[in-house]
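2 protein chains.
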Amino acid sequence: MSNEILTDRPEFRALQEHYKNVSPLHMRDLFAKEPARFDRFHVKNGGILLDFSKHRATEKTFELLMSLAKVCNIEDWRGKMFAGQPINNTENRAVLHVALRGSVDKNLSVDGENVSKFVDDILKKVKLFSDKIRADKKITDIVNIGIGGSGIGAYTVCKALASYNDGPTVHFVSNIDNAALDPLLKKLKLENTLFIIVSKTFTTLETLSNAEKAKTWAGSNTNFVAVTENVEQAKNFGVRPENIFPMRKWIGGRISIWGAAGLAVAIAAGFDNFQKFLNGAKEMDTHFRTAPLDKNMPVILAMLGVWYRNFFDFRAHTLNPYANDLQLLPTWLQQIDMESNGKNISRGGDTLNYSTGPTIFGGTGTDTQHAFFQSLHQGTDIIPCDFILVNDPANIPLNANALAQAKTLMKGFSSKTEPHRNHPGNRPSSTIILDKLDPFHLGQLMALYEHKIFVQGIVWNINSYDQWGVELGKILSKDITQALESKREVGDYDSSTLGLMHHLKSRAS
Amino acid sequence: MSNEILTDRPEFRALQEHYKNVSPLHMRDLFAKEPARFDRFHVKNGGILLDFSKHRATEKTFELLMSLAKVCNIEDWRGKMFAGQPINNTENRAVLHVALRGSVDKNLSVDGENVSKFVDDILKKVKLFSDKIRADKKITDIVNIGIGGSGIGAYTVCKALASYNDGPTVHFVSNIDNAALDPLLKKLKLENTLFIIVSKTFTTLETLSNAEKAKTWAGSNTNFVAVTENVEQAKNFGVRPENIFPMRKWIGGRISIWGAAGLAVAIAAGFDNFQKFLNGAKEMDTHFRTAPLDKNMPVILAMLGVWYRNFFDFRAHTLNPYANDLQLLPTWLQQIDMESNGKNISRGGDTLNYSTGPTIFGGTGTDTQHAFFQSLHQGTDIIPCDFILVNDPANIPLNANALAQAKTLMKGFSSKTEPHRNHPGNRPSSTIILDKLDPFHLGQLMALYEHKIFVQGIVWNINSYDQWGVELGKILSKDITQALESKREVGDYDSSTLGLMHHLKSRAS
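Chains as they are written, first to last, in the numbering used here: chain A, 1 to 509; chain B, 1 to 509.
So here's chain A without its partners, still in its complex pose (with noise of 0.2 Å):
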């Protein structure tokens, strides 16, 4: 049953004459229809509000496609990542970032080690560095040097807890590009600086040079750290061995934060908010592994997801978090999500007949509503929309904004002698209110969107955990390299690539 095709399921089938009724309805029919739709609709967890009763859905379709996520064995999938099984099958790996934040069985071992000592050692280790650093008060700036996972994780999460930074001011460099690095190092005092080097495999073509550069700036190795999983490579580079923080197998890079990728925060921030956001992870991932599917925030999600992906054929989903201190999360989940879930080979190696992980992207209202919304409310495609907002008083124009937004695109606006005033409406959004924004509910949020592309992985039968479209990307630049910088021929290429090269070529030389 589990090797079934998605599309060949009878819950799948269902949903899909189950839609030919949906499709048709106006949301603000339904909402007319039915006075309790948010009483229904909404649920709460340690301190998240989630309301999903803006959609094209009724009891009905919550009902099909909480089907279609059992019979897809989510329950059972879930329970193998937590027992640290190896989901990701092309590479042999477990997934096992819940470990990170204490969501694991004390006696699981992965690879002949017990995973929870090796957090518990790495967490201690990087409370003693943090709490160091910050206590002797010598460096006041830390780099990050890292790329993908080992730099967006933990950039965003800063950015995030800004006004809970009072430590050194964290610097994030990930571009190979000299404008990245450089302008920085113009303004840094060498004895004043951290340099913090994150690369799973040590080997990232960007990350090593602009950690090669910064050595040649630094001229001694004292102030870096590297965060590996290739501690002799760390070590050949020059990093003094108790300044390694080990990663394993099992900590997939773009999910990386919550160990010692996270070393940024835990040094701005400090260590006890560093542990709160693992706390609020922590609490994500006992409300996904205990809550019946229908109240289960991640699998609610998922399957609106699903439903807009497989159903009615949306391709994109926007996230727009009403709090400017949020201003990273949309990136950060367009690349958690887009890396997990754009991939169109099953699990098992076969070409895939439907569409998986959809086009992510955002940013922060209100800038959004003055920059792509217009397209959100009158534009030919409708794009799903999930809303963040913060309950501070503070917020009122802010969270005012949203709820505004969130009604017309649901019920939009008509007017019978201006047609181009005219807002069609019936576009869908979810709201998820944050009682704070502090370490514990960021945690929650964003362990909330993990197990969100997490559950939508299993649905559409894919790994979510490997990257084979990056790894490609990683080698195959080196020869046109080379012809650029005239140390071999130009090769045998395509017109276009040979046209391009020698336009740059004449130029550069």
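Do not take every clue at face value.
Any copy, or any two copies together, can satisfy a pair, since identical chains are not distinguished.
Said to hold, decoys possible - Straight-line alpha carbon distances no greater than 27 Å define the calculated DSS-like cross-link-like pairs of lysine-lysine that follow:
| hint | residue 1 | residue 2 |
| --- | --- | --- |
| 1 | K505 | K295 |
| 2 | K60 | K276 |
| 3 | K125 | K478 |
| 4 | K187 | K436 |
| 5 | K436 | K487 |
| 6 | K80 | K137 |
| 7 | K411 | K132 |
| 8 | K127 | K276 |
| 9 | K436 | K478 |
| 10 | K80 | K70 |
| 11 | K159 | K411 |
| 12 | K213 | K60 |
| 13 | K187 | K33 |
| 14 | K187 | K487 |
| 15 | K33 | K235 |
| 16 | K186 | K436 |
| 17 | K187 | K215 |
| 18 | K70 | K117 |
| 19 | K474 | K436 |
Calculated directly from the structure, the hints in this document are not laboratory data.
Remember, it's a predicted structure, so these values are computed and weren't measured experimentally.
Assemble the complex: chain A is given as a structure, and chain B must be docked to it using the hints.
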């Protein structure tokens, strides 16, 4: 003829037929068959190269696309825009951002005023003011307060020209969130700070709210400048008359960077560099007005967009500059493209039966290779991509990466033993190479995208220059704000809006 519905035009139907022949073709076969493909499908102008050979198109495709462009009267409409006719029909306004860079007839008058005289005067004022601020060195920090087009344009240019900025540091504040302006004010010194308030109407909620806060902080109005059409309102706010830079109805907010809304750029990088930026845009204006359609960069990019949107049904477009300083360009394009063409009502007020502006997103290469490129390569949707490169020998690693990605998107990659490594290829991209990242080429590049959007708006028969989906949002939140502030009863809302308001109030009280 010109009022005919797009999808009824014989040229559109010919493309529908032609699509059936082209869609099964793989680009790698096209390249194998036509060694001169790059020669045929690239254009150079004024220091920009556009390679459009890696598209799912044949010679015939371009012929048909250009026939469609012709019959949609692109050339007539282009003439109307440059001649100052009120092509923004729902607001009865001319669209003359091109006048700001000297691309209109010297005798052109709009609303009884000579346009070139206005432009000369305003640029002179910008020059005098920016020269003065730069010379007296007292001002070290500029705060640009403006949202949407009144912020993101200047912000994008200031970032892009970071290496030219030898004047004061410029900060951009748009969001109404206290977390946006408050931490900045803590760092600034009153006597060294100049505030530029940019708001065409001088009524924009976010901007006025931030401006009031700045005024309270400053306690005096001396260092306030306003860029606005509403001169009276700016005076009432307390800006001294000589510090008010007037706008005109014919300058759309999102394309206002070329005039006084670019004041921050002129102060940071100097007026000469600002003038070079305008000169670059003028160069692109001339190219757009004079190059034959099939050699015309904005027309080529626009018609390829139409090809993918209306025939292939691709719904997103991604933009990836391989230059750290161009990091905001995707956000800028997202704003101007989705706000201009995210519309479902025709110029004449009819609901459209075809797709218009796509979802626009992107980021800086190589960062994005470690993020959403997974999905570009192996996702189930095909998303056309613009690669933007700068021809600087220091950029070789970046450029090699871009070329390698574009090549793989086109060719694909196949593995017989490991299906998860398969990349289907046949995914289109354009490559744009700037001779240099300088003011002139930046002006060219931004004007290229402006004109692309214009052309698509004409083909889709929409008014690209209004934004009723934004206007509505500006007035909707007032009731909810008052209710959340307990200044009035919570009124008659749907159960979702009501439930969320009660939740927010339960804590806020």
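A quick look at each hint next to the structure:
1. With identical chains, the CA atoms of K505 and K295 are at most 27 Å apart between copies only, with a shortest distance of 24 Å across copies and 59 Å within one.
2. Taking the shortest alpha-carbon separations for K60 and K276, neither the intra-copy value of 38 Å nor the inter-copy value of 61 Å comes in at or below 27 Å.
3. Neither within a single protomer nor between protomers do K125 and K478 lie at most 27 Å apart by alpha-carbon distance, with minima of 37 Å and 51 Å respectively.
4. For the homomeric pair K187 and K436, the shortest alpha-carbon distance between copies (25 Å) is at most 27 Å, but the shortest distance inside one copy (35 Å) is not.
5. Taking identical chains as interchangeable, the C-alpha atoms of K436 and K487 lie at most 27 Å apart only when they sit on different chains, with a minimum of 23 Å there against 56 Å within one chain.
6. Taking identical chains as interchangeable, the C-alpha atoms of K80 and K137 are never at most 27 Å apart, the minima being 44 Å within one chain and 64 Å between chains.
7. When the C-alpha separation of K411 and K132 is checked against a cutoff of 27 Å, the pair qualifies neither within a copy, at 55 Å, nor between copies, at 52 Å.
8. Taking the shortest alpha-carbon separations for K127 and K276, only the intra-copy value of 13 Å comes in at or below 27 Å, while the best inter-copy value is 52 Å.
9. Taking CA atoms no more than 27 Å apart as the test, K436 paired with K478 passes between copies only; the shortest distance there is 23 Å, against 47 Å inside one copy.
10. In this assembly of identical chains, the alpha carbons of K80 and K70 lie at most 27 Å apart only when taken from the same copy (15 Å versus 60 Å across copies).
11. For the homomeric pair K159 and K411, neither the shortest alpha-carbon distance inside one copy (34 Å) nor that between copies (39 Å) is at most 27 Å.
12. Proximity of K213 to K60 under the C-alpha cut-off of 27 Å is found in neither arrangement, the shortest distances being 59 Å within a copy and 50 Å between copies.
13. Proximity of K187 to K33 under the C-alpha cut-off of 27 Å is found in neither arrangement, the shortest distances being 62 Å within a copy and 53 Å between copies.
14. With identical chains, the CA atoms of K187 and K487 are never at most 27 Å apart, being 34 Å at best within one copy and 49 Å at best between copies.
15. Within a single copy, K33 and K235 get their C-alpha atoms no closer than 67 Å, and across copies no closer than 51 Å, so neither meets the 27 Å cut-off.
16. Taking the closest pair of Cα atoms, K186 and K436 come within 27 Å of each other only across two copies (23 Å); inside a single copy the shortest separation is 37 Å, beyond that limit.
17. Taking the closest pair of Cα atoms, K187 and K215 come within 27 Å of each other only inside a single copy of the chain (16 Å); across copies the shortest separation is 31 Å, beyond that limit.
18. Proximity of K70 to K117 under the C-alpha cut-off of 27 Å is found in neither arrangement, the shortest distances being 34 Å within a copy and 70 Å between copies.
19. In this homomeric assembly, K474 and K436 come within 27 Å of each other (Cα to Cα) only across copies, at 26 Å, whereas the closest approach inside a single copy is 40 Å.
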